[in-house]
Amino acid sequence: MREVAVVGIGMTKWGELWNKSLRDIYVETALMAIDDSGVDHIDSMYIGSMSSGIFVGQEHIASLLADYLGCAPVPSTRVETACASGGLALRLGFMEVGSGMSDIVLVSGVEKMTDVGGDEATYALGTAADQEYECYHGITFPGLYALMAVAHMDKYGTTRKQLAEVAVKNHKNGSKNPLAQFPFEVTVDDVLNSVKVADPLRILDCSPITDGAAAAIICPVELAKKLNKPIVKITGSGHATDAIAISQRKDMTWLESTYKAGKSAYEMAGKNPGDIDVFEVHDCFTIAELCVMEALGLVDKGKSGEAVERGRTAVEGDIPVNPSGGLKSKGHPVGATGIAQVVEIVKQLREESGERQVKGARFGLTQNMGGSGASTVVHVFERE
Amino acid sequence: MSTPSRYWREIPQRYRLEANSCAQCRQKFFPPRLVCPECGSRDLVKTKIEEKGKVISYTIIRVPPSQFKDQAPYAVGVVELDDGVKLMGQIVDCDFEDLKMGKRVRIEFRKLFKKGHSGILCYGYKFVPDS
Amino acid sequence: MEGIVGYGAYIPRNRIKVEEIAKVWGADAPSYKKGLMLEEKSVPSPDQDTITMSVEASKSALKRAGIDPLDIGAVYVGSESHPYAVKPSGTVLAEALGATPEVHTADFEFACKAGTEGMFVALNLVKAGIITYGLGVGADTSQGAPGDALEYSAAAGAAAFIFGKDKVVAEVLETYAYMTDTPDFWRREYEYYPQHGGRFTGEPAYFKHVTGAAKGIMNKVDMQAGDFNYVIFHQPNGKFPFKAGKILGFSREQIEPGWLVNKLGNTYSGSSPLGLTATLDIAKPGDHILLVSYGSGAGSDAFILKVTPRIDEVRDLAPLTREILNNNKKYLEYGEYAKFREKIRKAE
Numbered sequence: 001m002r003e004v005a006v007v008g009i010g011m012t013k014w015g016e017l018w019n020k021s022l023r024d025i026y027v028e029t030a031l032m033a034i035d036d037s038g039v040d041h042i043d044s045m046y047i048g049s050m051s052s053g054i055f056v057g058q059e060h061i062a063s064l065l066a067d068y069l070g071c072a073p074v075p076s077t078r079v080e081t082a083c084a085s086g087g088l089a090l091r092l093g094f095m096e097v098g099s100g101m102s103d104i105v106l107v108s109g110v111e112k113m114t115d116v117g118g119d120e121a122t123y124a125l126g127t128a129a130d131q132e133y134e135c136y137h138g139i140t141f142p143g144l145y146a147l148m149a150v151a152h153m154d155k156y157g158t159t160r161k162q163l164a165e166v167a168v169k170n171h172k173n174g175s176k177n178p179l180a181q182f183p184f185e186v187t188v189d190d191v192l193n194s195v196k197v198a199d200p201l202r203i204l205d206c207s208p209i210t211d212g213a214a215a216a217i218i219c220p221v222e223l224a225k226k227l228n229k230p231i232v233k234i235t236g237s238g239h240a241t242d243a244i245a246i247s248q249r250k251d252m253t254w255l256e257s258t259y260k261a262g263k264s265a266y267e268m269a270g271k272n273p274g275d276i277d278v279f280e281v282h283d284c285f286t287i288a289e290l291c292v293m294e295a296l297g298l299v300d301k302g303k304s305g306e307a308v309e310r311g312r313t314a315v316e317g318d319i320p321v322n323p324s325g326g327l328k329s330k331g332h333p334v335g336a337t338g339i340a341q342v343v344e345i346v347k348q349l350r351e352e353s354g355e356r357q358v359k360g361a362r363f364g365l366t367q368n369m370g371g372s373g374a375s376t377v378v379h380v381f382e383r384e
Numbered sequence: 385m386s387t388p389s390r391y392w393r394e395i396p397q398r399y400r401l402e403a404n405s406c407a408q409c410r411q412k413f414f415p416p417r418l419v420c421p422e423c424g425s426r427d428l429v430k431t432k433i434e435e436k437g438k439v440i441s442y443t444i445i446r447v448p449p450s451q452f453k454d455q456a457p458y459a460v461g462v463v464e465l466d467d468g469v470k471l472m473g474q475i476v477d478c479d480f481e482d483l484k485m486g487k488r489v490r491i492e493f494r495k496l497f498k499k500g501h502s503g504i505l506c507y508g509y510k511f512v513p514d515s
Numbered sequence: 516m517e518g519i520v521g522y523g524a525y526i527p528r529n530r531i532k533v534e535e536i537a538k539v540w541g542a543d544a545p546s547y548k549k550g551l552m553l554e555e556k557s558v559p560s561p562d563q564d565t566i567t568m569s570v571e572a573s574k575s576a577l578k579r580a581g582i583d584p585l586d587i588g589a590v591y592v593g594s595e596s597h598p599y600a601v602k603p604s605g606t607v608l609a610e611a612l613g614a615t616p617e618v619h620t621a622d623f624e625f626a627c628k629a630g631t632e633g634m635f636v637a638l639n640l641v642k643a644g645i646i647t648y649g650l651g652v653g654a655d656t657s658q659g660a661p662g663d664a665l666e667y668s669a670a671a672g673a674a675a676f677i678f679g680k681d682k683v684v685a686e687v688l689e690t691y692a693y694m695t696d697t698p699d700f701w702r703r704e705y706e707y708y709p710q711h712g713g714r715f716t717g718e719p720a721y722f723k724h725v726t727g728a729a730k731g732i733m734n735k736v737d738m739q740a741g742d743f744n745y746v747i748f749h750q751p752n753g754k755f756p757f758k759a760g761k762i763l764g765f766s767r768e769q770i771e772p773g774w775l776v777n778k779l780g781n782t783y784s785g786s787s788p789l790g791l792t793a794t795l796d797i798a799k800p801g802d803h804i805l806l807v808s809y810g811s812g813a814g815s816d817a818f819i820l821k822v823t824p825r826i827d828e829v830r831d832l833a834p835l836t837r838e839i840l841n842n843n844k845k846y847l848e849y850g851e852y853a854k855f856r857e858k859i860r861k862a863e
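Chains as they are written, first to last, in our numbering: chain X, 1 to 384; chain B, 385 to 515; chain W, 516 to 863.
None of these hints come from the bench; they were simulated from the model.
Treat the hints with care, since some could be wrong.
With a Cα cut of at most 30 Å, we get these calculated BS3-like pairs of lysine-lysine [unchecked claim]:
hint : chain 1 : residue 1 : chain 2 : residue 2
1    : B       : LYS499    : W       : LYS858
2    : W       : LYS754    : B       : LYS430
3    : W       : LYS730    : W       : LYS761
4    : W       : LYS844    : W       : LYS854
5    : X       : LYS155    : B       : LYS484
6    : B       : LYS436    : W       : LYS578
7    : W       : LYS602    : B       : LYS499
8    : X       : LYS155    : B       : LYS487
9    : B       : LYS453    : W       : LYS858
10   : W       : LYS578    : B       : LYS432
11   : W       : LYS754    : W       : LYS845
12   : B       : LYS432    : W       : LYS682
Hey, can you work out the whole structure from these sequences and the hints?
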C-alpha cells in the first residue's frame, strides 16, 4: 500500500439551510476541498450519505452529484453504513488510493435532513436500528442510547452530571467553531433542566437534525509533496461491525465495534491511544462519547465520566476530545459527520484551528459510528 | 404505506415466541437465525423462548416515534429471560417509580400500535411485572 | 360426559370510580352507586383490546387444561367490541395459541351474550364428536357514551373456556337457549356508542329472558333453585342479578361468589363468563352451578354444570379471578380514562 495524505478540505456552515438543496451543499464543499488541494481533476469520488432517499426522495446520488460537480464520467460511489457513512467513504477512498487504483480521490459526506418534518426525520434515523425487534417496540435513537446510559450508570456509577459535562465541554469548543450549528455555550444546569427525551437523556444530551456537507481530497504522499501542501497522512484505518440490536450485544455498556475498529487502526498506524494528541469522536448522545472514550482506550472501563468531569478531555486537557464541538454543537448531518471529523483533525494537525487549537497536535484520530454502535470506522492521522 | 406482509411474516415470533438454537454450540436465538454467529453452524433447531426474566436496562420514552404518539410516555427495556435470551420490549402495567435493574417481569400479549386510522392492528409481546 | 377442561380469566389493571365519572358530568355519585350497586369498573389500557385479553385468558385456560393447542378444533371469540369490523379476532387468538391451521374459527356477536354463544357452540361440537377440544371466549372493551348511565358500568374483561370429553373439571349437564326479537339495546353501524331503551331494558328484556332461560333449563332437568350451590346471572349492574335471583328463588349466598360487577363493572360478553370463572375458583367437587347469560336483542343461554374432583388439581395453575380483580389496581382520573378510551376528539 502506498502512503496516503489528505491534501484538501472543505466544509461550510452547518444548520437548517433552507435555501440550499442536497446538490448545493455537496458541490460547495467539494469545490472548497478541490480548491484547497490545488488539484485540477479527480479520478474517483466517494459520498457518504445515510438516507437521501427518505429525506429528499433521491437515490442514485453517486451519479447525481458526479454530474452536478461537473465530474462525470468519473466513477462515483455512494456509501451507506448509517451515521458512519462518511468515515466509510474515507476508508474506501483511502483503499483506492493506497492500492494504486486511483491517484486523486474526493471523499465527501452529505445529508439534507430538514426537507421532511420531525416525525419523518425520526423515522429515517430509526432505520439504522433493528426495524422488527427494536423499532417495532417503540424505541427511538435517544432511547437506545438511554438504555446504554442506564446500564453504564448502574455498572460504573457514572452520574447524570458527568453526562452533562460532555455537552458543556462540546458546546464550549463549538462556540469557537464558526461552522458549528450551535456555536454557543451551555451550562450543566441548562442540560439538566432541558426537556426529557428518553430518561435519563434530555434534549441537550442529544445531537440535532442538521443540513450539511464536508469534503476532503486524498492522494498519495508523493503527489501531496509536489502540490506543496502540509503533509497530513492517513496512517491507520479500521472498520468493524457488531450486532445491530443493542439487546444482542454481550455488554450494553461496551462499544465492541469501536474497540475492534480502533485496534485495527492503531495497529496499522503503529500507535497506542496515549500517542494520539487529539480525537474527534461520535458524540451522537453524551453517553456515546463516554463509551467511545473507553472503547478507544483513552481511559479504563467505567472511568470516562470522571475524566470528563476533571477536564481531561477539554482542548487544553491531556486527552482532548471533540475540539470541533462534536456532533452536539457542530451538528449531525448524518452522512457528513465522518468527513467533518476529518476536516477538523486535518485543521488541528495543520495548526489552523484558532481558539480550538490543541497545542502541538501531530497525531489525530477520527471515530465515526453507525446506529447504536453496530458499525464503526476509525482513522489515525499523522502530520509529517 | 407498507403491505401487511412484513407484519404477518413475524407472527410466529410476535405471537408464539418461536426461536431456534444452534445444534452445535446450543446458543439460542430470538428471532431465529439461518447461521449461528458464534460457531458458523447452519444446523439450527426450532425452540421457544422462556416467558419470564429480569430487566437489564430500561428507559422512558418521552418523545415517541409517530406510530406511538399517543402512548408516550412509556417504558422500554432490555430483558434477559431465564433461558439467557435477551430482547427488547415495552414494560407496561408498571409505575415508572417501580422500574429498576433486575426487576422480574413476564411476557404478555398486547397491541403494539395501529397503522393509522384504517390500517392493520399490530400485536406482539410486552413485559409486565411478575409478582 | 363433556364439559369444561380448562378455564381462564383476564381483567386489565386500571380502574375508575363512579365518583370520578360523576364529578365530570355533574351527576350525583351516591345515587348512582346505590342505584347501580356499583363502585368502580375496569378500564383497558390503549394496548389492550378484545383480542389481547382473549389471548391471555385463553393461555390461562390452556394451563389448566394441560392439552396440546394443536388438539383444539374450534376457537370462538364472542364480543361486541371486536377490534376489526371485518377480520376475525378468532384467527389472531388461534395463531397466538398455536392451534392453527387445522381449526374452525368464528367471531360471535350478540351484545353481552356473545361469549356464552361461543361456549355453547364449542361445547356442542365436542358433544357431537366433531372436535376433541373447543375454546369459547367472552371478551369486551365496550364503551358507554360519555355522561350516559352506561358509562358508569361499561368495563373490560375476558373469560375463556376449553371444552372436551376427558380431563373435565366441570361437566355440562344441560344447556338451554331462550331468544326473542327485543330491541332493548343496539348499536348501528358507524355509530360509536350504543343506544338503549331506558327502563325497557329491565322487565321485558333482561328479566324476561334470564328468568325464561333459568326456568326453561330447570324444568328440562327437573331441578329447583335449592338444588344448586351457585348461580351466575349476567351482571349489567349490581342490582339486576339479585333481583333475578329473588324472582327465581335463589339466595344471596348462591349469587355472591360469582357477583363481580360492583368492583369490575359490566364486562359485557365477559360478564357471566367471568362470574363462572370466579365461581369455579371456589367451587368444590360435586357442586352444581347454574349459569344464565343475557344479551340484548335479546336472549339468554343457560348452562348447568357439575364440578368434578379434577378442579382441585388445576385451579392453582393460573391466576384466580378475584386475585386479578383485587390486586395491582391502578386508579385513573377521568382525563386519562377518556384518553385511554379514545373519547377525546383529535386531529386526524
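### Task
Quickly compare the C-alpha distance for W:LYS754 and B:LYS430 to 30 Å and report which way the hint goes.
Violated - the C-alpha atoms of B:LYS430 and W:LYS754 are around 53 Å apart, more than 30 Å.
### Task
Decide if the proposed pair is consistent with the structure: B:LYS499 and W:LYS858, CA atoms, cutoff 30 Å inclusive.
Given pair B:LYS499, W:LYS858 holds - Cα atoms ~19 Å apart, limit 30 Å.
### Query
Does B:LYS487 lie within 30 Å of X:LYS155 when you go C-alpha to C-alpha?
Holds - the C-alpha atoms of B:LYS487 and X:LYS155 are around 16 Å apart, at most 30 Å.
### Query
Holds or violated: W:LYS730 with W:LYS761, Cα cutoff 30 Å?
Holds: W:LYS730 and W:LYS761 sit about 13 Å apart, inside 30 Å.
### Message
Checking one constraint from the list: CA of W:LYS602 to CA of B:LYS499, max 30 Å. Satisfied?
### Response
holds, 15 Å
### Query
Would the pair B:LYS432 and W:LYS682 pass a check requiring their Cα atoms to be no farther apart than 30 Å?
At roughly 26 Å apart (the allowed maximum being 30 Å), W:LYS682 and B:LYS432 satisfy the hint.
### Query
Given the proposed pairing of B:LYS453 with W:LYS858, does the C-alpha separation stay at or below 30 Å?
Within the cut-off at roughly 16 Å; holds.
### Query
Taken at face value, is the distance from the CA of W:LYS578 to the CA of B:LYS436 at most 30 Å?
Status holds; Cα separation ~16 Å.
### Task
Compare the distance between the alpha carbons of X:LYS155 and B:LYS484 with 30 Å, and conclude whether the hinted pair is satisfied.
It holds: about 13 Å lies between the C-alpha atoms, which stays within 30 Å.
### Query
Is it true that the CA of W:LYS844 sits at most 30 Å from the CA of W:LYS854?
Holds, at about 18 Å.
### Task
Sort out whether B:LYS432 lies within 30 Å of W:LYS578, counting only the CA atoms.
Answer holds: W:LYS578 to B:LYS432 is near 16 Å, not above 30 Å.
### Query
CA of W:LYS754 to CA of W:LYS845, is that 30 Å or under?
holds, 25 Å
The structure shown violates just one earlier hint, number 2.
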